[in-house]
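Asks: The residues making up each chain are set out below.
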Amino acid sequence: MTAASLPPPPAILIANDLLDGDVVFRKSDGWTRDPRAAFIAYTSDETQALALVAREAEARREVVEASIVDVDIRDGAPAPRHFRERFKTLGPSVRPDLGKQAQFPDYARAAGA
Amino acid sequence: MKLLDRNGLKADVYRRMSEGQFDGPGIVSLAELADGAQPAAGKLGLAIENTANVRDVERHFDSVTLIVIHFPSFGDGRGFTLARRLRRAGFGGTLRASGPLIPDQFAFALACGFDEVELPEGQIERQPVEQWRGALTAFSAPYQQGYRRPRTILEERRRNAPEAAR
Amino acid sequence: MYRYDEFDERFVRERVAQFRDQVQRRIDGALTEEEFRPLRLQNGLYLQLHAYMLRIAVPYGVLSSRQLRALATIADRYDRGYGHFTTRQNLQFNWPKLRDAPDILELLADVQMHTIQTSGNCIRNTTADQFAGVAADEIEDPRPVAELIRQWSSLHPEFAFLPRKFKIAVNGATEDRAVLKAHDVAVRIIRHAETGETGYQILAGGGLGRTPMIGKIVVDFAPKGHLLSHLEAVMRVYNAQGRRDNKYKARIKILVHEIGLPEFKARIAAELEAEGPSFRQEEVDELARIATFFARKEYETLAPHSRPYERARAANRDFAQWADTALFAHKADGYAIVTVSLKPIGGPPGDMTSDQMRAFADLADRYSLGELRVSHAQNLVLPHVKKDDLFALWRALGEHGLSTANVGLITDIIACPGLDYCALATARSIPIAQAIAQRFADPARQHDIGPLNIKISGCINACGHHHVGHIGILGLEKSGRESYQITLGGDASWNAAIGELLGPGLTADETPAAIERLVDFYLAHRLSGETFIETVKRLGAGAFKGAFAGVSRHEAA
Ligand code: SF4
Numbered sequence: 000m001t002a003a004s005l006p007p008p009p010a011i012l013i014a015n016d017l018l019d020g021d022v023v024f025r026k027s028d029g030w031t032r033d034p035r036a037a038f039i040a041y042t043s044d045e046t047q048a049l050a051l052v053a054r055e056a057e058a059r060r061e062v063v064e065a066s067i068v069d070v071d072i073r074d075g076a077p078a079p080r081h082f083r084e085r086f087k088t089l090g091p092s093v094r095p096d097l098g099k100q101a102q103f104p105d106y107a108r109a110a111g112a
Numbered sequence: 000m001k002l003l004d005r006n007g008l009k010a011d012v013y014r015r016m017s018e019g020q021f022d023g024p025g026i027v028s029l030a031e032l033a034d035g036a037q038p039a040a041g042k043l044g045l046a047i048e049n050t051a052n053v054r055d056v057e058r059h060f061d062s063v064t065l066i067v068i069h070f071p072s073f074g075d076g077r078g079f080t081l082a083r084r085l086r087r088a089g090f091g092g093t094l095r096a097s098g099p100l101i102p103d104q105f106a107f108a109l110a111c112g113f114d115e116v117e118l119p120e121g122q123i124e125r126q127p128v129e130q131w132r133g134a135l136t137a138f139s140a141p142y143q144q145g146y147r148r149p150r151t152i153l154e155e156r157r158r159n160a161p162e163a164a165r
Numbered sequence: 000m001y002r003y004d005e006f007d008e009r010f011v012r013e014r015v016a017q018f019r020d021q022v023q024r025r026i027d028g029a030l031t032e033e034e035f036r037p038l039r040l041q042n043g044l045y046l047q048l049h050a051y052m053l054r055i056a057v058p059y060g061v062l063s064s065r066q067l068r069a070l071a072t073i074a075d076r077y078d079r080g081y082g083h084f085t086t087r088q089n090l091q092f093n094w095p096k097l098r099d100a101p102d103i104l105e106l107l108a109d110v111q112m113h114t115i116q117t118s119g120n121c122i123r124n125t126t127a128d129q130f131a132g133v134a135a136d137e138i139e140d141p142r143p144v145a146e147l148i149r150q151w152s153s154l155h156p157e158f159a160f161l162p163r164k165f166k167i168a169v170n171g172a173t174e175d176r177a178v179l180k181a182h183d184v185a186v187r188i189i190r191h192a193e194t195g196e197t198g199y200q201i202l203a204g205g206g207l208g209r210t211p212m213i214g215k216i217v218v219d220f221a222p223k224g225h226l227l228s229h230l231e232a233v234m235r236v237y238n239a240q241g242r243r244d245n246k247y248k249a250r251i252k253i254l255v256h257e258i259g260l261p262e263f264k265a266r267i268a269a270e271l272e273a274e275g276p277s278f279r280q281e282e283v284d285e286l287a288r289i290a291t292f293f294a295r296k297e298y299e300t301l302a303p304h305s306r307p308y309e310r311a312r313a314a315n316r317d318f319a320q321w322a323d324t325a326l327f328a329h330k331a332d333g334y335a336i337v338t339v340s341l342k343p344i345g346g347p348p349g350d351m352t353s354d355q356m357r358a359f360a361d362l363a364d365r366y367s368l369g370e371l372r373v374s375h376a377q378n379l380v381l382p383h384v385k386k387d388d389l390f391a392l393w394r395a396l397g398e399h400g401l402s403t404a405n406v407g408l409i410t411d412i413i414a415c416p417g418l419d420y421c422a423l424a425t426a427r428s429i430p431i432a433q434a435i436a437q438r439f440a441d442p443a444r445q446h447d448i449g450p451l452n453i454k455i456s457g458c459i460n461a462c463g464h465h466h467v468g469h470i471g472i473l474g475l476e477k478s479g480r481e482s483y484q485i486t487l488g489g490d491a492s493w494n495a496a497i498g499e500l501l502g503p504g505l506t507a508d509e510t511p512a513a514i515e516r517l518v519d520f521y522l523a524h525r526l527s528g529e530t531f532i533e534t535v536k537r538l539g540a541g542a543f544k545g546a547f548a549g550v551s552r553h554e555a556a
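Protein chains in written order, with numbering that gives the first Met the number 0: chain Z, 0 to 112; chain G, 0 to 165; chain E, 0 to 556.
Any given hint could be a false lead.
As the list claims (entries may be wrong) - The calculated label-pair distances, taken between Cβ atoms and stated as ranges, are:
hint	chain 1	residue 1	chain 2	residue 2	range
1	Z	V52	G	A88	49 to 55 Å
2	E	A512	Z	L51	44 to 50 Å
3	G	S62	E	P276	27 to 33 Å
4	Z	R32	G	E57	55 to 61 Å
5	E	E309	Z	R32	57 to 63 Å
6	E	Y298	G	S139	37 to 43 Å
7	G	Q37	E	E274	31 to 37 Å
8	Z	D105	E	D102	31 to 37 Å
9	E	R76	Z	V52	30 to 36 Å
10	G	S139	E	H256	37 to 43 Å
11	Z	P7	E	E262	50 to 56 Å
12	E	P276	G	E57	19 to 25 Å
13	E	G259	G	H59	28 to 34 Å
14	G	S17	E	Y247	32 to 38 Å
Unchecked claim - Looking from chain E toward chain Z, a few residues come up when the C-beta cut is under 7 Å (computed):
hint	residue
15	H49
16	Y51
17	R98
18	L326
19	F327
20	P343
21	I344
22	P347
23	L418
24	D419
25	I429
For the record, the hints were derived by calculation from the structure and aren't laboratory data.
Yeah, the Cβ is synthetic: ideal placement off N, Cα and C, and Gly gets one too.
All chains should be modelled from the sequences, with the hints used to inform the complete structure.
Replies: In structure tokens form, the structure reads like this:
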């Protein structure tokens with residue numbers, strides 16, 4: 000991801016765990032499955048630092064499909080602005096019993112559409 | 000560049016014409032060949048793109064001992080068909096695939112008529128020779144007839160069938 | 000059905016071991032993600048939005064009850080207790096882990112199943128008529144040919160890295176139930192007009208996705224023993240000359256279109272000639288060997304009409320309504336082919352829970368000689384049911400939520416997974432299908448409307464076949480919202496046609512209302528006995544535009 004193609008802050012780093020496929024979020028150190036624990040980049044310097052982390056983590060084979068996603072902050076939780084990434088952080092809309100929305104109902108209430 | 004065949008790594012006796020003047024076997028392109036390029040001595044190799052026309056290459060079968068087909072990426076499978084067609088047209092020399100193929104394609108390449116694979120710098124360090132050799136024994140026999148392979152499932156079936164069913 | 004011999008078995012086991020090794024090499028870094036991706040795709044493993052997805056091949060749609068039970072076990076042990084049947088007669092699991100994939104493949108191999116080439120730029124799982132071998136209108140059973148193609152295409156050394164995916168379908172009946180003309184290559188078993196011998200007509204250049212095209216006949220008649228040489232010739236021309244500079248122009252349909260049908264046929268002819276005699280005795284022998292597995296079943300001798308069935312029909316309106324949609328003529332007297340809808344009103348089309356799979360497997364054992372089929376319309380089929388048993392079967396299906404009486408009707412909607420699962424999607428498809436089904440839930444109304452196929456895709460890749468739906472719906476993204484384009488007049492039969500775009504995209508909320516207007520227009524204008532698609536063809540899609548306009552509150556028509 001080039002600096003030019005990075006979305007404006009606030010933004011978070013989303014990826015899929017290589018071995019599990021689960022959606023994971025970058026926290027200040029390491030990865031989390033909890034979107035509320037995601038590190039939020041508030042400046043473009045921080046977004047660029049996240050992009051570097053993304054490349055390194057892919058090279059270390061921790062994650063795949065790493066991408067920086069711009070978010071709104073709703074009740075302190077990052078909610079992706081684009082609906083595609085919002086589904087990615089919530090789970091299938093037709094199966095509310097599955098995915099992060101089932102695992103983190105508080106988050107889903109705050110960030111849901 | 001590292002060269003390997005079914006037995007493992009091997010030395011490349013050919014050099015590219017573009018590398019300058021040299022003695023011994025050399026590899027030229029179709030254009031260089033048309034310009035009358037000739038290595039100082041010995042065997043002649045011909046490097047072609049995977050889009051080359053069989054008829055253009057066929058004319059040189061008698062004068063070349065090696066044909067090198069370029070694979071721009073491992074996902075570009077045109078080289079497999081070109082190799083198969085060159086063998087069908089009667090090329091009996093050495094056929095080399097040059098490019099970033101991966102071990103999982105090695106058996107396919109040999110089946111289509113290649114003898115050897117020339118890998119870009121650094122790849123063999125990541126994918127050591129054992130992985131290439133291992134890939135050749137991953138399957139005991141394939142389904143397809145008409146390719147360069149010691150035996151096929153169809154042949155095994157025929158051998159297995161009771162006499163009456165033959 | 001076909002059973003692996005020791006060689007098929009060895010091949011599939013070796014494939015599992017190979018994939019286990021590939022996963023290990025990915026983990027230890029010998030393979031980069033770019034190198035690994037095509038390898039995992041050729042084993043049916045995608046990375047979706049929320050997780051990996053594993054696509055399991057159901058060769059030409061045939062399953063045994065034992066295989067279905069194994070799928071249920073996998074759904075429970077490695078997934079979330081359900082699976083999704085696709086338009087290519089495959090089954091998808093939505094939540095497997097990469098680390099578990101080799102073990103799942105091992106379980107599949109235990110019941111003679113695999114995931115080979117269910118994705119990737121290679122020859123995909125061969126599909127066929129879901130009524131193969133039992134339909135009354137059959138010329139010849141297409142399954143032996145489909146199995147021959149399955150084996151021939153598995154790890155083909157020359158055609159594993161094609162410009163793009165390659166889908167083959169086979170049909171052996173007079174009616175085309177395999178959407179032949181939407182395939183890269185289709186094989187149609189026909190009887191020669193003069194000699195009466197059966198052989199193969201070959202079509203090429205069909206395909207949906209961006210730039211949908213209808214397949215064209217490229218070989219009029221290839222006699223028996225000449226099929227694989229013809230297929231190889233087509234593949235070789237495509238592999239060498241199909242475009243690789245643009246993913247959206249890489250399918251064979253673009254090659255056929257760009258060079259023209261006569262030139263394409265000339266290249267196939269040249270290729271055949273260069274290869275030498277196209278007859279292969281081993282193909283004839285192998286086909287004969289495979290055909291023994293598909294010999295006619297030992298049916299009981301029954302009267303063509305069943306009294307118990309007629310009595311139950313007369314006594315129970317719901318049963319009669321179900322039977323009207325679910326049954327198809329069987330070649331054996333006293334038997335019926337039963338299509339079981341996987342489209343309960345409000346459910347995701349094609350989904351089945353593990354409990355339903357096990358229950359269904361038991362019913363297949365009890366009523367259908369242990370065999371079932373998957374249709375491209377995402378429904379299941381019990382191919383050998385005695386008419387005397389139909390009422391009992393219907394009751395049993397009902398206990399598991401499997402007796403929805405809507406096969407072929409407006410709520411029997413084909414929908415791809417869309418943005419609820421698929422990483423390539425531009426919009427959701429399943430909620431649209433659910434909303435439309437709910438709007439038309441009334442069985443009497445559905446039956447009054449009659450045969451009508453709605454097909455929904457969540458992006459231009461068209462896995463939901465929207466181009467050939469009588470009504471097609473394509474989900475796109477427009478200005479940061481999901482937007483749905485409606486097409487009308489598509490046809491998936493032998494009279495295949497691509498639907499015509501009716502107007503600007505609609506929001507998800509507007510879409511069901513728009514569909515309703517189209518249906519109301521049809522009801523108001525149909526002639527007696529005329530189906531929806533017949534009315535559309537008679538009046539032209541343009542006539543419906545007036546009904547469609549004005550639905551959208553968001554954009555000018
Ligand atoms: S049509 Fe698009 S959204 Fe639907 S399954 Fe295919 S790729 Fe995914």
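Asks: For this structure, which hints from the list above don't hold up?
Replies: 18, 19, 20, 21
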